[in-house]
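S.K.: So the chains spell out like this:
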Amino acid sequence: MNNLSTFLIFLLLFAAGTAPADNADQSESVVTEAAEEFRVQEAVDLEASDTEEDAGGSVSLTWHMEIAGIIPDSLGIMRSDPSGGEELIATLPEGFVMYNDESVDNGIEYSYWIVSYLGGTVEACSDRAVAVPSAQWIYKGRIGMLIILFLMAAVIIYYIESGKKGKELFIREIAGLEAVDDAVGRATEMGKPVLYVPGIADMDDIQTIASMVILGRVARKTAEYGSSLLVPTSRSVVMSVAQEVVKEGYIQAGRPDAYNKENIQYLTDDQFGYAAGVDGIMVREKPAAIFLLGTFYAESLILAETGRSVGAIQIAGTAMPSQIPFFVAACDYTLIGEELFAASAYLSREPKLLGSLKGQDAAKLFFIILIIVGVVSATIGDYWSPLKSVAEFLRKLVTVN
Amino acid sequence: MRLIIPLAITFTAGMIMILNFFIPHQPFRLLGDNLQEWFMIVASGAIFLGAMNLMHVHSRKIKLKLKNWKYSPVTIIGFLLMLVTGLIYGVTEHRPFDYLFMNVVAPMGATMFSLLAFFVASAAFRAFRASNWRATLLLTSAFLVMLGQVPIGAMIWDKIPLAKVWLMSIPNTAGQRAVMIGAAMGVVSTSLRIIFGIERSYLGGTD
Amino acid sequence: MAGIIEKLGNTDRRIIFVLIALSVIIPISFNLILPNPVGAEPSRDLFDYVDALPEGSNVLVSFDYDPSTMPELQPMAEAVVLHLFKKNVNIVGMALWPQGASLGQDAMSGMADSLGKVQFEDWVNLGYKTGGGVMIVRLGSSVSAVFPTDKDNVPWAEIPMLRNITGLESFSLIISLSAGDPGIIQWVMMAGDRFGVPIGCGCTAVSAPTLYTYLQTGQMVGMLGGLKGAADYETLVGIKGGQAIRGMAPQSVAHIVIMLFIIIGNVAYFSQRKKGGAK
Amino acid sequence: MNWEILGIWLGALVTFCLYSFLYRDNPFYKFAEHLFVGMSAGYWVIYNIENVLIPNWWQKMFPAEGGFSWIWVIPGIFALFMIARIVPKIASFSRLSLGMIIGAGAGLNMVSFFQTNALAQVKGTIFSLASDSVWSVFSSLVLVIGVVSGLVYFFFSKAHTGVVGKTANVGITILMVAFGASFGYTIMARLSLLIGRCQFLLEDWLPTIPRLLGFGG
Chain A
1 MNNLSTFLIF LLLFAAGTAP ADNADQSESV VTEAAEEFRV QEAVDLEASD
51 TEEDAGGSVS LTWHMEIAGI IPDSLGIMRS DPSGGEELIA TLPEGFVMYN
101 DESVDNGIEY SYWIVSYLGG TVEACSDRAV AVPSAQWIYK GRIGMLIILF
151 LMAAVIIYYI ESGKKGKELF IREIAGLEAV DDAVGRATEM GKPVLYVPGI
201 ADMDDIQTIA SMVILGRVAR KTAEYGSSLL VPTSRSVVMS VAQEVVKEGY
251 IQAGRPDAYN KENIQYLTDD QFGYAAGVDG IMVREKPAAI FLLGTFYAES
301 LILAETGRSV GAIQIAGTAM PSQIPFFVAA CDYTLIGEEL FAASAYLSRE
351 PKLLGSLKGQ DAAKLFFIIL IIVGVVSATI GDYWSPLKSV AEFLRKLVTV
401 N
Chain B
1 MRLIIPLAIT FTAGMIMILN FFIPHQPFRL LGDNLQEWFM IVASGAIFLG
51 AMNLMHVHSR KIKLKLKNWK YSPVTIIGFL LMLVTGLIYG VTEHRPFDYL
101 FMNVVAPMGA TMFSLLAFFV ASAAFRAFRA SNWRATLLLT SAFLVMLGQV
151 PIGAMIWDKI PLAKVWLMSI PNTAGQRAVM IGAAMGVVST SLRIIFGIER
201 SYLGGTD
Chain C
1 MAGIIEKLGN TDRRIIFVLI ALSVIIPISF NLILPNPVGA EPSRDLFDYV
51 DALPEGSNVL VSFDYDPSTM PELQPMAEAV VLHLFKKNVN IVGMALWPQG
101 ASLGQDAMSG MADSLGKVQF EDWVNLGYKT GGGVMIVRLG SSVSAVFPTD
151 KDNVPWAEIP MLRNITGLES FSLIISLSAG DPGIIQWVMM AGDRFGVPIG
201 CGCTAVSAPT LYTYLQTGQM VGMLGGLKGA ADYETLVGIK GGQAIRGMAP
251 QSVAHIVIML FIIIGNVAYF SQRKKGGAK
Chain D
1 MNWEILGIWL GALVTFCLYS FLYRDNPFYK FAEHLFVGMS AGYWVIYNIE
51 NVLIPNWWQK MFPAEGGFSW IWVIPGIFAL FMIARIVPKI ASFSRLSLGM
101 IIGAGAGLNM VSFFQTNALA QVKGTIFSLA SDSVWSVFSS LVLVIGVVSG
151 LVYFFFSKAH TGVVGKTANV GITILMVAFG ASFGYTIMAR LSLLIGRCQF
201 LLEDWLPTIP RLLGFGG
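Chains as they are written, first to last, in my numbering: chain A, 1 to 401; chain B, 1 to 207; chain C, 1 to 279; chain D, 1 to 217.
Hints were generated in silico from the structure; no laboratory data involved.
Check the hints yourself; a few may be wrong.
[To be verified] Quick list of simulated restraints, FRET-style, between CB atoms:
1) D:D132 <-> A:D45: 39 to 49 Å
2) B:P27 <-> A:K286: 50 to 60 Å
3) A:G226 <-> D:L141: 52 to 62 Å
This structure is a prediction, so every number in the text was calculated from the model and none was measured.
Cβ atoms here follow ideal geometry from the backbone N, Cα and C, with glycine treated the same way.
Extracted from the complex, chain A is given alone in its bound form (with noise of 0.2 Å):
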């Protein structure tokens, strides 16, 4: 009891005698406040820096607006250079927080402020920040990039090397290429033409690219045959190398004379018209078998079945996921994605083109050895943190930015 009264005893008189520094700790922050509210924000933490990744002569200006005080109308951008001149260069609606600067020039030191304008007069200014602009000779989120495309193309630019030399290449069997010379020699047996779909692709494409050099092999075949090749483009300039392709491949085959130009012809950029157009030829010319090789989106399986009605041999091949499942279901064959690369160096059985093959298969190789440990690594690292780093090193070397 008595300890009680002496402690309530003390704590009245603590509570007296702290009560009025209590009061005047208040009033202070009340003044301050209100002398806060009267000043216009002011821009801080201003940081110039040189623009990363870029071509030069450009600076990055981040800040942050102070979170009392009255809104400006407006912020003016100011800047001057070691000549002493000072400009304003741009004025931006408040709420703005980062300005690029892209009227500099590289190797000189910037000075930055910004100032803050209400009611056309200048009400605060911030601190100043300083940068120099200049360029950069590489993207860093690429260099893991780099590194490994380099790496690729070396072990790939090796193998063709070797291959130059003479070197004995094995390559498996790619059933659809197989076919290539059965189905021209049955629509030659049948007295049918053969129709080549290069895709509707332009010519900058590379499944284009690798279409054309197929397109030589089965020129050279039908020439050979002596059956007729029909080569509906949807692309000026792809009717153009088709036409080059086609020509050398009948020249190839010492059969220049059966070459017609007529046969070789452009449609439409349109890709349902051009649809529409080779399913006319596909029901009208009957051809025997017919080629379905290139980049192909909805217009794959239009094609792909109206090819089936008219009781065609059809090889197809695309490197586009989507369109994959369609000729896979409407196709006596089908190229799967890199088989379509692979075609030209099948064909040809050139060694320098079997060496790039072998190339993309180390290529792979290198990719799922990388998949592998970055998955265990990872699974591992879940319980034991060392090789979580491994796993995350991996994962950034992939990266691109």
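Fit chains B, C and D to the known structure of chain A by using the hints.
M.R.: Same frame as chain A, now just chains B, C and D:
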């Protein structure tokens, strides 16, 4: 000699595009950006080649009275109709060119596209036969996903939509990835062969 | 019997064509509606994620499509917007496709009118900006730098609901209704991977198979795939007889017809093979 | 003349002509097909002029603010080289343009495919299999095995025998499951297109018939 200059241009253009990806410094930035635009311009300019070829093929058909020549005037008139209305009235909305496109060309495109609904059915009917165990897998996964796509699947068994999601997110992803990685290797090696002039058959002969 | 089955196995494809046409035309003509149960699908994941958002949070909805994919994506847009409004979440709309801005406007203003939501307080349409992925990275640090005004040139400062929005991290969720490129892939790579904002998506059935990859890696919180995804969302939000739900009837009938044909084809195939084996 | 109704009728007419192909090739289809090829080719010529050649070339060569930017002469020359194919004597100039197009395409494709199709996919496959649920571990395992064995299937320089052969077999099996799933999933998108056309015919075109016959407004 006639091959060397085109191959040199191919090499230069290819290397510029590759370096442009890794090096932000001039002149690669400028060259890379320009080259992409140039490609577009050259390919667009080439469309006149195609147009002339189309007109040539059909007028020849009419002249020689080849099979189905009676339809060739339709192509020629259709082509000229679009060309003339486009050149005279421009491409803005609610003008004749736009009217023809919206009411004739676009519906034809949509109709050809919609033929797929029929073809997808006939292809499924014919191709999805359990002739061997691999074909059976193809058939089963297609069938399960189809069931999972429509309400009836969930009514039969509430795990069917789950099976669909699993098939789409696991085996489908794995398959897509394998195809994509493999194809990328094909693209890299084909590109290398083109840039270094090892693959040159697209240029035709050496005449 | 066996003879009939074998004949069925070689059905002329034109019969299939007629049946497919009928299975689409009849449900449309009679306005047939079928129930649409929603299982544990990516569409439910997206719904649950939105449903768990606290009141007053900000969600960015990007309308990255044009009229050609409207049948699949517009019902999604409407259902998603309705759900966000019901949850009292603020919607900031924008578009990576030029025509998406006005399609988004239709969806948002239509729903806002019926629910009494106020423009600039509950929703705003910032409009279209070109630049795709690069533009999204800019949004990351400052949305107002990219969109100083809304679609109709109302200045940022005059829109009350935008006061507490700085960069992309101000958003609790980004939903891209995406018909292709630029679209969801840019949002995942630029906004999700770089700034850590959760991403949801609605897409066409054609692009969905590829996008399942991002669900598997957790780069997306949920996905509406094609008409089925749209119908799922309509069901979950509680839209009765919505556009997508009505579209599901012909889909269901046609799917069943195709599946029946696959079964018939296989029965015929096996009876033929049995006969072939007996010979 | 009501242009809107005429437009709907034109659209309906060409729609029916093209659908007649499903029965078999016939004069209506031949007509529509030839019309489609001709009109769309014309459309693309105009499109290329209006959307590429004028804004990306002409207006850059002769900018609005006056002057002449000589660098844009170069693509003009390349385009002329391309068209030079018409004249047999100078046709080989087109190879210079082809070299430029194919070279630029090869370079661009090489880096972009390598980045998005190879590295990004490999990155997506490096993850931890650890999980509380057995099912999730199994799924992750199927994914990794699927990718790896799928890649083994594409090996060209090894015969598909022994371990390689067995792995490749697993690979092609998973590819088949993937193709089946993707096919089944896409049917919905394809049917949506048909539904769209049917709605056009049933809801836009059909109601115009009573209007034309004088019933209703």
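S.K.: The structure should be examined with respect to each hint, and the outcome stated for every one.
M.R.: Verification of the supplied hints:
Under the hint 39 to 49 Å, the C-beta atoms of D132 (chain D) and D45 (chain A), about 43 Å apart, fit the expected range. Range check, P27 (chain B) to K286 (chain A): Cβ separation about 55 Å, and the 50 to 60 Å hint holds. The hinted window of 52 to 62 Å between G226 (chain A) and L141 (chain D) holds, with their beta carbons roughly 55 Å apart.
The structure agrees with every numbered hint stated previously.
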